[in-house]
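Undergrad: Those protein sequences? They're chains A and B, same order as listed.
No gaps in the numbering here: position 102 of the first sequence is 102 in this note's numbering, and each next residue is one more.
No gaps in the numbering here: position 101 of the second sequence is 101 in this note's numbering, and each next residue is one more.
Derived from the structure by calculation, the hints contain no laboratory data.
Careful, some of the hints might be misleading.
Pairs of lysine-lysine residues, derived as DSSO-like cross-links and limited to a Cα-Cα distance of at most 27 Å, are as follows [stated by the list, open to error]:
| id | chain 1 | residue 1 | chain 2 | residue 2 |
| --- | --- | --- | --- | --- |
| 1 | B | 380 | B | 394 |
| 2 | B | 606 | A | 279 |
| 3 | A | 24 | A | 277 |
| 4 | B | 557 | A | 47 |
| 5 | B | 563 | A | 47 |
| 6 | B | 557 | A | 48 |
| 7 | B | 607 | A | 279 |
| 8 | A | 279 | B | 599 |
| 9 | B | 121 | B | 41 |
| 10 | B | 384 | B | 117 |
| 11 | B | 605 | A | 280 |
| 12 | B | 599 | A | 277 |
| 13 | B | 176 | B | 384 |
| 14 | B | 620 | B | 477 |
| 15 | B | 477 | B | 380 |
| 16 | B | 561 | A | 48 |
| 17 | B | 175 | B | 113 |
| 18 | A | 47 | B | 561 |
| 19 | B | 563 | A | 48 |
| 20 | B | 599 | A | 280 |
| 21 | A | 280 | B | 606 |
| 22 | B | 606 | A | 277 |
| 23 | B | 175 | B | 384 |
| 24 | A | 279 | B | 605 |
| 25 | B | 634 | B | 606 |
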Amino acid sequence: MTGMALLLAFVTAFFIPGIIGAVKAKSCGRKAPSLIQPMFDIFRLLKKGSVYSNSTSFIFQIAPIVYFATIFLGLFFLPFGAEKGIFGFTSDFIFLAYLLAIGKFFMILSAIDTASPFEGMGANREAFYSMLIEPVFFTIMGSLALVAQPPSLGNLYANAGALSDTPYLSWMIIVFIIYILFNIALVENSRLPVDDPKTHLELTMVHEVMVLDNSGFDLGLIQAANALKFALYGGLIANFFLSPEFHLITNVAIFLGMGVLFAIAIGLSESFRARNKMKKNSLYIVLMFSLAVLIFFLILAMNSKFILT
Amino acid sequence: MWAFNNFYNESIIRSEYIPNMDVLMLQITLLLSLGILFIPKSMRYYFLLCLQLIVTFITSYWAFEAFASTESVVKVLNFQILGEYPTFVIDTLSAFFILTVNFTSLTSLLYSKGYLKPFLKEKGGLAIAWHYFNFFWLFVSMILVCMLREGLLFLVAWELMTVSSFMLVLFEFEKKAVIQAGIRYLIQMHIGVLLLIFGFLYVQFKTGAPIGFDSMEAYFQSFQAFPIFLVFFIGFGIKAGFIPLHTWLPSAHPAAPSHVSGLMSGVMIKMGIYGLLRTLTYIHSDLVTIGIFITLVSIVSGLLGVIYAIVQHDIKRLLAYHSIENIGIIGIGIGLGVIGLAIQNNVLAIMGFTGGILHVLNHSLFKSLLFYSAGSVYQKTHTKQIEHLGGVIKTMPYTALFFLLAALAICGLPPFNGFVSEFLIYAGAFGNLKTATFNFDFLFLGVILSLALIGGLAIFCFVKVFGIVFLGNARTKNISEAHEVSANMLMPKFLIGILIVAIGVAPILFVPYAVKAAGVFGDMGSLPAEIFTSLSWTGILSGILILMVLVIYGIKKIFQKNKVISHNTTWGCAYTGADAARHQYTATSFADNHLEFLKPLFSEKKKFEQFTEDEIFPSKREFSSHADDLFEEKLINAPTRFIEKLFSSENFLLQSAQLHHYVFYAISFFAIILILTLLKII
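Bound-form chain A, shown alone (with noise of 0.2 Å):
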C-alpha cells in the first residue's frame, strides 16, 4: 500500500485547519464553525476572480502554483511507517527539504515583487526564518541517519526502534525528536509563537502579510497549499507511531489519529500562548537548534560511539 500515506494525507489536510479553528473557538467559549469550513473557502476562493498589482510580474502569478506544487509532491515521499511512500530512495529527505525550498524561493519573491513595504518585510522575515530552520530538519534527519543505512525516509522510521538498546530510551528520543518536529511544523507554517496568523498589525506578521496581494484562485491555491503542509508535518510525526507487525485498519486509525491530535495540540497552544517578540524568534529556532543537536550527541551516546565515564 504505497499510496495509502498520501491518501490519508489527504483526509488529514482536509480537517487540520478546521480542527485548529475548533479547538480554538472552543477553548475562548465561542461557537466553533463546521470542521470543513475552510475547505469552503478554499473553494469559495478558487472560484473567484483576481485582482493583480501593476507592479507585478509573471512571478507573482506563477508563485503560488509552483508553491502548491512543490508541496503536493512532497507529500508523495511521505512514509507509512517501515513502508516507503510512492517515491523514496537513498537521502530522499535532502530532495524534499530542497523541493519545499523551491516554493518558498518563489513565494518570497512574489511578495517583493509587489513593491509592497509590508510584504517586502514578510519575505525577509520568512526568509530569515526558513533559513535558520533548514539546519534544524537536517539534524534530526542526520540524528535518525546514525541508526538507518542507507538513509531514506522508510528506512529511518523503519530503524527509529533501534535508536537505543532498550526499547523506552528509544521512545523518550523519539519523543525529543517529536517535539522539535512539532515546533518546525510551527516555524514552517507561520503559526505562534513565530507567526500569528490572526493579528491586526500587518507589521508583526510572517506569512499572512507575503500574501496580502494574493487574491481568487492564487490566494485559495496557498491556502490549500497551507494545509498540505500541516499534513505533511503531520505525517512525518505519525509515522514514528505505526509499525509493519500492528494490522493495516490499527495503522491508519493510529496516522489519522495523530494527524488529529497534531491539529489539537497546534489548537492548544495557539490558545494559551503569546506570541514573541520579532526578535526573540530567531533566538527560539536557535534553541529548537541546539535541543536537535543535544539528540544527536544522546543517540551517538546510546550507541556507545562515545562513553560516558
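Chain A is already provided as a structure; the job is to place chain B on it using the hints.
TA: Quick look at chain B alone, frame taken from chain A:
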C-alpha cells in the same frame, strides 16, 4: 561516446609513429595569436574566435581521449625549452578541468562581443586588441596549467595566467578603483606564487628529483606530508579564494569587465582547486589531518562567503563573495573525499571527490551566467548598485529569466545542476553516519549543517538580489529607459542555461565524467548503485514538478475563464500616499536582521550626526551605514595601514628624503653583514 573507445586507443598507438599534427597545429595557433595586434579592427573578434575554437577543439579532443582511455594522454611538443621537450600529460582530472575551461572561455568570448561594443568607440583600437590578446592567453594558460606537470613550465603557465588576468582586470584603467583592485590582485597572487616556488624547490631540495609535480611522489613517501601540504594549500588557496585568503576576490571581480569576471570567477579560481587536487594525488600519509583541515577551512569559507555576500550592495561584489562560498562547497567535497581515502571508506571518498569536482563544473556554469546577466543589467542601466535598480524584469525579461535560472541553480535547488553536486556531498555525509566513528560523525554533522545553512543563506541572498534588482518598481529613472540586450549577448547565456538544466534533469549523463576525474585518487570503484538510482529519481521528479506546474496553470486558466481579472495598484494597507519607487523594501533593510544576528562577524561603520538636546528644529541629517568583511579589515587593511604609518616620513627615518640617511643605510647594511660574518652567524 564510449563506443569510440577503440578508435581512441588506436589513435594513441598510432600517434607514436606519425608526427603529432594536433600538437603542431596548437603551436601554430598560439603563434598566430600575435597577429591579433596587427589585423584590422573589425576582424579581431572573428580572428580570435577562430583561434580559440581551434584550441578548444584540439584540447577537448585530448580530454575525451583521456576520458576514454585508462592511461594518461601524453603529448610532446616539437621544440626544446631548457634542453627538454615540454610534455603535456592529460589524465581524467586534467580532462575534466580542460573541458570546463573550454566551455566557459567560449561563452565568455561570445558574450564579450556584445559587452565590449559600447567600449569600441571610447577605447583605442590597440586597447581592445591588447584586451583580446590577454583574453586568449588567459584561456591558453589555464589549459596549460591543467596539462603541464613539469615544475618550471607549470610555474610559467601559472604566472602567465596571473599576468594576463591582471591585464584583463585593468581594462577600465582610467578608474582609480580598478587600478587599486588590480594591484591588490597582482600582489596577493605573487605571495601565492612565492609559496608555490618555495614548495617546489623544497621538495626538489629534499628529494633531488627534478622540479615538478612528479617529484612530490617521492617526497610525500618519505617525509611528513602536512607541513609542505600547507605551503601548497596556501599557494593554491590564494588563487581559489579560501577564507582568509580571499581578500583579492571581492575587489577584483567588480573591477573587471563582466565577461572577464565570469571567466575569472567561473574557471580561473578553479585552477587553485586543480592545483590542490593535483597535489593531493601524491599524498598518501597524514590524510586524516589534511582531510579534516580542508573540511574545516572549507566550512568556514562556505559560511562566511555567503554571510558576507548578503550585506553587499554592489551586485558584482556580492557575486564575488558567492564564489568564495562555492569554493567552500567544493572544498567540503574534497575534504570528505580525503577523509574517505584516509579511513579507507571508498564510498565516502568517491562521493566526496565526485561532488566536489562536479561542483567545479556547476559553479563555472551558473556563476558565469550570473556575471553575464549582471553585466547586461550594468550595460543597460549603468549601475551595479542593487539599491538603484528594481523592476528590471519588465524591460529586460530574458536577462531576468537567465538570472533567475542561475540563482535557483546556485542555491542548490532542484531541478538544476547545483543540486546534483550538493546532493552527492550531502549523501556522502548522511550515508556514512552509521558506520563512522564518533569524531567523524561529529565532522559529518558539521558538514551537513554547514551545507544546510549555506543553502538557506544563499536562498536568503538571492531572493534579495533577484527581488530588489529585477522585481517591484524601478528605483531610478534610467531603468525604465533600459531595454533588452542584443541576441549576441543572450546566446551564450542560452548555451549555459541549457547545460544547467541538462545536468539537473539528467545527472546520469554527466556524473560519470566527474567519477572518472575522481578516479585519479586511486581505484575507488564507481558511485554506489543506490546513489545512481537517487540521481535518476531526482531527474524524473524534476520533470514531474515542471509538468505539475503546467497542469495547475491549466486548471487555473479553466477556473478563471469567465471571471473578472483586473489590475490595480499594490494594496498598501489602506495607505495611498506611498511613492511607488521609494517606499519599497530596500536591500539594506532586507539584510538588516541577518546583520543584527551575526554582528560580531562584521566591521560595521555608521556615519551620522547625533541630535543635540538644544536642537529644537533639527537640521537636515544624513545617515549611511556600511558593513564590511572583518577579515579584509583585520588581515589586510589594518596591517597595511600600520606599515604605511611605520614607513611614513613623520614616524620613521626610512623615508626621510635626506640623501645622507640613505647612504647611511647602505653602509650599515654592509656593516651588519660584516659583523654577522665575523660572528660566524652567516
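Undergrad: Work down the list of hints and note, for each, if the structure agrees.
TA: We went through each hint and held it up to the structure:
1. The suggested pairing of residue 380 of chain B with residue 394 of chain B holds, with an alpha-carbon distance near 13 Å, which does not exceed 27 Å.
2. Distance check on the hinted pair: residue 606 of chain B and residue 279 of chain A sit about 21 Å apart at the alpha-carbon level, within 27 Å; holds.
3. Distance check on the hinted pair: residue 24 of chain A and residue 277 of chain A sit about 22 Å apart at the alpha-carbon level, within 27 Å; holds.
4. A hinted pair counts as satisfied when its Cα atoms are at most 27 Å apart, and residue 557 of chain B with residue 47 of chain A qualifies at roughly 11 Å.
5. Only pairs whose Cα atoms come within 27 Å are accepted, and residue 563 of chain B paired with residue 47 of chain A is accepted, the gap being roughly 8 Å.
6. A threshold of 27 Å between alpha carbons decides the hint, and for residue 557 of chain B with residue 48 of chain A the separation of about 12 Å falls inside it, so the pair holds.
7. The hinted pair formed by residue 607 of chain B and residue 279 of chain A meets the criterion: a straight-line CA distance of about 24 Å does not exceed 27 Å.
8. For the proposed pair residue 279 of chain A and residue 599 of chain B, the alpha carbon gap of about 14 Å is at most 27 Å, so the pair holds.
9. Taking the CA atoms of residue 121 of chain B and residue 41 of chain B, the gap is about 11 Å. The hint holds against a cut of 27 Å.
10. Under the criterion of a C-alpha separation no larger than 27 Å, the hint pairing residue 384 of chain B with residue 117 of chain B is consistent with the structure, at around 18 Å.
11. Pair hint residue 605 of chain B plus residue 280 of chain A holds up; C-alpha atoms about 25 Å apart against a cutoff of 27 Å.
12. Restraint check: the Cα-Cα separation between residue 599 of chain B and residue 277 of chain A comes to about 19 Å, which is no more than 27 Å; the hinted pair holds.
13. A C-alpha spacing of about 17 Å is found between residue 176 of chain B and residue 384 of chain B, which places the hinted pair at or below 27 Å, so the restraint holds.
14. For the proposed pair residue 620 of chain B and residue 477 of chain B, the alpha carbon gap of about 25 Å is at most 27 Å, so the pair holds.
15. With a CA separation close to 12 Å, the supplied pair residue 477 of chain B and residue 380 of chain B stays within the 27 Å bound.
16. Restraint check for residue 561 of chain B and residue 48 of chain A: satisfied, since their Cα atoms lie roughly 10 Å apart, inside the 27 Å limit.
17. Using a Cα cut-off of 27 Å, the hinted pair residue 175 of chain B and residue 113 of chain B holds, with the two alpha carbons roughly 22 Å apart.
18. Between residue 47 of chain A and residue 561 of chain B the CA atoms are separated by roughly 10 Å; this keeps the pair inside 27 Å, and the hint holds.
19. At roughly 7 Å between alpha-carbon atoms, residue 563 of chain B and residue 48 of chain A fall within 27 Å of each other, so this suggested pair holds.
20. The hinted pair formed by residue 599 of chain B and residue 280 of chain A meets the criterion: a straight-line CA distance of about 16 Å does not exceed 27 Å.
21. At roughly 25 Å between alpha-carbon atoms, residue 280 of chain A and residue 606 of chain B fall within 27 Å of each other, so this suggested pair holds.
22. For the hint pairing residue 606 of chain B with residue 277 of chain A, the CA-to-CA distance comes to about 26 Å; that is within 27 Å, so the pair holds.
23. The suggested pairing of residue 175 of chain B with residue 384 of chain B holds, with an alpha-carbon distance near 15 Å, which does not exceed 27 Å.
24. Pair hint residue 279 of chain A plus residue 605 of chain B holds up; C-alpha atoms about 22 Å apart against a cutoff of 27 Å.
25. As the CA atoms of residue 634 of chain B and residue 606 of chain B are separated by approximately 18 Å, the hinted pair is consistent with the 27 Å bound.
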